[in-house]
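Quick note, the sequences are listed as chains A and B, same order. Heads up: the first sequence runs through residues -4 to 138, numbered per my numbering. Heads up: the second sequence runs through residues 3 to 148, numbered per my numbering.
Heads up, a few of these hints could be off.
[As the list claims (entries may be wrong)] Here are the computed distance ranges between Cβ atoms for each label pair:
(1) Ser7/A - His41/B: 19 to 27 Å
(2) Arg47/A - Gly35/B: 17 to 25 Å
(3) Pro112/B - Glu108/A: 21 to 29 Å
[Unchecked claim] If you want the footprint, here are the derived chain A segments under chain B, 3+ residues with CB under 8 Å:
(4) -1 to 12
(5) 16 to 25
(6) 37 to 47
(7) 63 to 70
Simulated from the structure, these hints should not be mistaken for lab results. Here a beta-carbon is modelled for each residue, glycine too, at the ideal position from N, C-alpha and C.
Listed below, chain by chain, are the residues.
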Amino acid sequence: MSHAYEFPIDYSKIREFARAVKSEHGAHLGAKPVIPPTMLTSARLIWEDPERTITKLTGFDRSRILHGEEEYVFHGPLPRAGQTLTCETRITERFEKPGKRGGVMKFARLVTEFRDENGTLVAEQNSTIVETARPPKAEEEQA
Amino acid sequence: MSTITALTLAVGQEAEPRTFAPMTRTDYVKYQGASGDFHPLHHDEVYAQSVGFPSVFSVGMLQAGMLATYVTDWLGVEDIRRFKVRFVDQMWPGDELTCSAKIADITDEPGGGKRVTLELQALRQTGTAALLGTAEFVLPSVSAAV
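Kindly produce the complete structure, drawing on both the sequences and the hints.
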C-alpha cells in the first residue's frame, strides 16, 4: 500500500528554516532558493499523513524517543523553491540492544525517498530512531 | 553556481572553526516552528520535568542544521551530496556549539570534478561532542593539492 505524499517547496518556508539554522547564505534567499540540506526533514513532519508520525510508525514511547543518526543523500543539485517532490517514508529495519543500565533499547531505521516531477529519485533521508530502555525519571529513582 | 570554483583543496585541510552564540529556548521554538517538529520536550518545561529532565533541551536537528550551515558556508550549498550526523549528546539552554571540519578524502568523480569528503565535529563548550558527522561535496572545478 502506497503512503506517498507531496512536498511542495515554498520559498518563504526556506527563508524561515534557513534563519532557524542560522544560515545567511545567499543560496537560500530570493524567489528561487535551494533548500538548506536538513530541510528535507520537514517533508515528513509537515506533509506526511498526521496518522503516520514517528511515534505511530515506530510504536515507541514518546517520552523515551531519541534521535540516533540522520543522513541526507542528494543525487544532484539540491531541490529548490517551486518544485513539488513526491515522498514516501517506510521502516527498513528494527533491532534491539541491551540498555546501559538494564532493560532493552529499541532501534528503528526509516528511509524517505524524494522524487521529482519526472519520477527521478533526487534525494534520500535515512533516520535512526531510538527508544531508551527506561525513562530518565525511573533511572533517577533507581540511583 | 559554486562559490569555490577557483579553490585548491588538500586532504587534511581544515576549515576555520565557528562558535555559535549560546542557544536559547527561543532558538528551539524558532526551529520547531520552521521544521514542524513539535515534540514538547523542546519547549514545554512542565512536560520535560514531568518525565524526569531538568529542563527542556535542544532539538538534535537544530544543531545538525547549524553544522550543515557551517559546512555549506565553506564549500557551498548546491554542491553538497551527502550530510550525515550521529547524535552523541544533548544540548541544554545556554550551551554553545563549536563546529569544525577537516577534509578526509578527495577522489575523482566519474561524471567529472572531485568528490570531497569531510569529517565534521560539533562540540559543546565542555569540549565533549554533541554531534559527529561526515559530509560529501561534488565540486566541478576544484583541483586537489598534491
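Hints versus structure:
{"no.": "1", "hint": "Ser7/A - His41/B: 19 to 27 Å", "verdict": "24 Å, holds"}
{"no.": "2", "hint": "Arg47/A - Gly35/B: 17 to 25 Å", "verdict": "21 Å, holds"}
{"no.": "3", "hint": "Pro112/B - Glu108/A: 21 to 29 Å", "verdict": "22 Å, holds"}
{"no.": "4", "hint": "-1 to 12", "verdict": "holds (count 3)"}
{"no.": "5", "hint": "16 to 25", "verdict": "holds (count 6)"}
{"no.": "6", "hint": "37 to 47", "verdict": "holds (count 3)"}
{"no.": "7", "hint": "63 to 70", "verdict": "holds (count 8)"}
Hint compliance for this structure: no hint is broken.
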